[in-house]
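Peer 1: As you go down the protein sequences, you meet chains A and B in turn. Residue 450 in the working numbering sits at position 371 of the first sequence; the count goes up by one each step and never skips. Residue 263 in the working numbering sits at position 184 of the second sequence; the count goes up by one each step and never skips.
Hints listed in this document are in silico derivations from the structure and should not be mistaken for laboratory results. Accuracy of the hints is not assured; some may be wrong.
[Unchecked claim] Think about it this way: if two alpha-carbon atoms lie no more than 20 Å apart in a straight line, the pair counts; the simulated SDA-like pairs of lysine to any residue are: (1) Lys179/A - Lys543/B; (2) Lys247/B - Ser414/B; (3) Lys131/A - Lys638/B; (4) Lys247/A - Asn503/B.
Below, each chain spelled out in residue letters.
Protein chains: 2
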Amino acid sequence: MKERKIYLDNYDLDQAIEKYLEDIKEQIQLEVIEIPAADSLHYITAEAIYAKLSSPHYNASAMDGIAIKANLSNDANESNPVVLKKNEYQYVDTGDVITKEYDAVVMIEDIVVKDDESVVLTKPVAFFENVRAIGEDISQMQMIVPSYHQIRAEDINAILASKNDKIKVFKKLKVGIIPTGSEIVSVATKELEAGMIIDSNSSMLKALVLEKNLAVKVYDITKDDYNLLKQVILDATNECDVVLINAGSSAGSEDYTAMIIEELGKISVHGIAIKPGKPAILGSINQAMVIGLPGYPVATYIVFKQVFLPIIDRLYHQSVDYEIVEATLSKTIYSSLKHIEFVRVKLGYVNEQFIATPLARGAGISMSLAEADGLIVIEKESEGYQKNSTVKVVLLKAKEQLKERLTVIGSHDLILDIVQDVINETNKDHAISSSHVGSYSGLLALKNHECDLAPIHILAADGKYNEAIVKEIFKEEKMALIKGVKRRQVLAYPKNNPKNIRGINDLTRSDIRYVNRQPGSGTAILLDYLLKEKNIALQKINGYDFIMPSHFNVGATIKNETADCGLLIKSVADVLELDYIEVMAEEYDFLIYQKDLDKLKIKTFIEILRSQNFKDKLAVFDCYETLESGQVIKIG
Amino acid sequence: MKERKIYLDNYDLDQAIEKYLEDIKEQIQLEVIEIPAADSLHYITAEAIYAKLSSPHYNASAMDGIAIKANLSNDANESNPVVLKKNEYQYVDTGDVITKEYDAVVMIEDIVVKDDESVVLTKPVAFFENVRAIGEDISQMQMIVPSYHQIRAEDINAILASKNDKIKVFKKLKVGIIPTGSEIVSVATKELEAGMIIDSNSSMLKALVLEKNLAVKVYDITKDDYNLLKQVILDATNECDVVLINAGSSAGSEDYTAMIIEELGKISVHGIAIKPGKPAILGSINQAMVIGLPGYPVATYIVFKQVFLPIIDRLYHQSVDYEIVEATLSKTIYSSLKHIEFVRVKLGYVNEQFIATPLARGAGISMSLAEADGLIVIEKESEGYQKNSTVKVVLLKAKEQLKERLTVIGSHDLILDIVQDVINETNKDHAISSSHVGSYSGLLALKNHECDLAPIHILAADGKYNEAIVKEIFKEEKMALIKGVKRRQVLAYPKNNPKNIRGINDLTRSDIRYVNRQPGSGTAILLDYLLKEKNIALQKINGYDFIMPSHFNVGATIKNETADCGLLIKSVADVLELDYIEVMAEEYDFLIYQKDLDKLKIKTFIEILRSQNFKDKLAVFDCYETLESGQVIKIG
């Protein structure tokens, strides 16, 4: 084993790709193969395809009728019917050959059969009328598609009709994927111990390779053992044209990828100025490209899409086909001048424009891949974008579908996902785009017309939910509150209540550490309300400033005994097997502008809240009351 | 065999789909299967997928460093370093477990190792800093994707990371494709006789099915024999969930499809008010959908895309993801009130807007599928659209790529395809969109700013090409003529010159039938010039009004002895093995606005005309002189 390498390059993305392509250009050649045109979907042509035969390749009747010489019909009209004798016409069906004795076809509807030996015409036909002339569709020697063209279903008909039986295309590169890491285990592992990480990247990579129409092989998970890994990589380079190694691409103590490539082949680039994805490796061993991808899911994804795919596109002479839309940014995002940064965003569509809300930026957040509607690319020269500025978003989903969605910004609850699930089951087109920013920020987004609907649960001083704050913020506007659910909030603590917590008063005890939610969230407001009710000063709560971003994180912190108690919804306490005292049934409702009540997507939303299917699905969680779900209260 | 049916329904498209879905809803059910999530790309979920485990499922270090209790570091700074003893910290690598004794991680870069038993900190860390809390990415019981969601590569990571090993999805429907017709033969058939038609539709259908991510089986070609076809259809309905029968769907004497479906099962719809595609059949036999598609390639395609796919999307609860752009129509299109019509168009992009030029509308023109960039849908209530009106175009290619292309309108020649081929070979992004309307119409399109470049070959009275007409039409504008090629025009006649044609003077002979090109085409103008030169009146030419739309059609008409001679380019005469007299080397050039000479796509175009690769490719055709190719002449 070589010495630990601690240095990474910092190539610009374009520069890295250029250097790599230059370095491998002698070594890596696309192979040309001949395949049946009938099976050529998505292959890329290695040479232009010319018509070997015209289509039609004979003059063909375009109708059922009789073939005649057109000039015999010149004088025919109702008062001067023309009679054709047996040797002057021939019955033809659509597609039949028009022999050189004839030059037009009269439709069967336009002839009167006199007897077996003659027919009568009462109107003329033009020269070549109802005849598909040789080459009408395709002329012999015409170019059907050029070289380096990716074959589509639409091309296949003309390729075959012009008698191209077999065609020359480039072989699909075979991409081998090697998951590595001693902590990485299969998803099928029965009992996952702390420290074990499920191998999810190699299946994502496989799907991405298949989406690119390349061939793929996934290797077994390889432990962090230099010699073992070296052997697997060597085998893979013999079997595949490209080897993707995930992870171990950085410069840590067990990051062997770079060392092994250096030993067996050559590294062109190690370290690219992109975020996430910096510690990527571009190298080669013998005739194979060998690429190291960092291990965090989003970094793996970005290196595949932004580094590997452009390389493949360059090799196959394909241009990029991302769709880009302009959107208004709902939140300022900062970025460093050190790298290009790729930020995943959720897109809403309100008042005919897209609103982009950045998702969690951590490279480990695989949910941000599932949730993202698009990517914002922040160039290296840019420090980021201000709230409300117009940004370009590379779409990850179909634009027309994104436009149809109901845009929801505010407090998150599982019930939004359930509504989406019921929408899908009932085959309605009105999908939901929901961004989670907390109740209060949701109200402001609605005020700024950045969303259609804001889910909120805000307790007022009078002990009632939502209406008071709506009246305060929307003084002039006519609003409507769609009742959602009552959610049971509990004060949760570990099983069997080891610290003997009996109520809110216990939070002031010096041996109790509380865990809170972010200011402005409905749950933090609930705590403030409960403390005020009991005249307890915030300062007395040990942990008032210890903040976790979700009900679940609060629960996990308690479960793990890092904190002693916290407010959260009952369903989370149940899943985590915590004990609790019930505190309040809070009202989680949806605010919209009254004028939107007529919109089809709002109507669908309300209809679903009222449906039995929705209520049945929620019942499973034993946390929600749905008695009022879907009722509408007009405010103002 | 039953009696011949001559009656077709005329259902509106939406109505046809609704009726069919209603008719089959008891009979056709999607099957739910359980598959490994790792192999689930493009499957559609049969139920919502919830997280079975949080990710991370333990508090994990986000850095290499030491795990500590955060509050021990509170007072650390440069002048007050804090020393931690061996039992107060633990070395961790990224991803390692943070046990409940600790609640923060100090990065390796931020510690000073004092000795084996202690480390020194000079700045504080916050609670949970550098720790990935349990559920940071995904909380247990969170919904990852809802039901009826088509799984993307981006979803697979989160599905697996939340320990979903197997998931419930809908089985992919298996689609059987039966090509029928006694005249239909395989593309591999050695000698094609007149009347034989190559089976190209079934391979296109197979590709379309695969693009929709369904399973597929193509059956052998079945002759027009009632009992034979009945058996094949019956077998296919046992093997497949859907059977597509192509063709025989109409009401002709050998159109058996409808009769067989009626005998074995049920027809819901026979005849839909769409063009092309009217004689479509929607039926069922036992548990299989059985669909009859008409035989002309474009009709087959339209019925698949506009009738069959919406049915599939409805069954799987998917919404349509067509992209639509607005475009200016370059030519009036008329349509009947009797049906919805789908018109294929070529799209140019000039001055930041799309220009749509309709392609040949015949249902038999398979090249219009390969060439089309989009579809215009003319609703049943509409009689069509006027030139210059704004129309919505459903895109068939990626929008960003369409925008990058050089828009070419005018006379067509193979050399445009060769330029595209060379562009592709050299991996440049500047593709060409070319529409063929003849030289003169090309000039007008350029005048109206509907294209970037017009290919022309127009002979003036002085016997010179192109410059005179440009000066006449573009009096005020500064133009540039990019020299293309000299094309050898010939007067062609059948092999061995049976009618002993010696020159233009012979065209006046009463036994000679000429075949011409459309007025305004360079070749028609050439004839006029030659006649004028010899003082021959147009009226003296038998066949002056007999018009074919391309050089090739002219040649095929002569080959077939429907006409005796015509003007066309030498390369076509060679391919068709015609004899000829050389008449003129016409100059086929490209007109642009001078200001566009700086544009990258024009520069690329000129560069390619000048390249040896381009000249070599043309040399094969022995028809073109390329001495001046790529020279630029400024006019005005």
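Peer 1: Hint numbers the structure violates, sorted upward?
Peer 2: 1, 2
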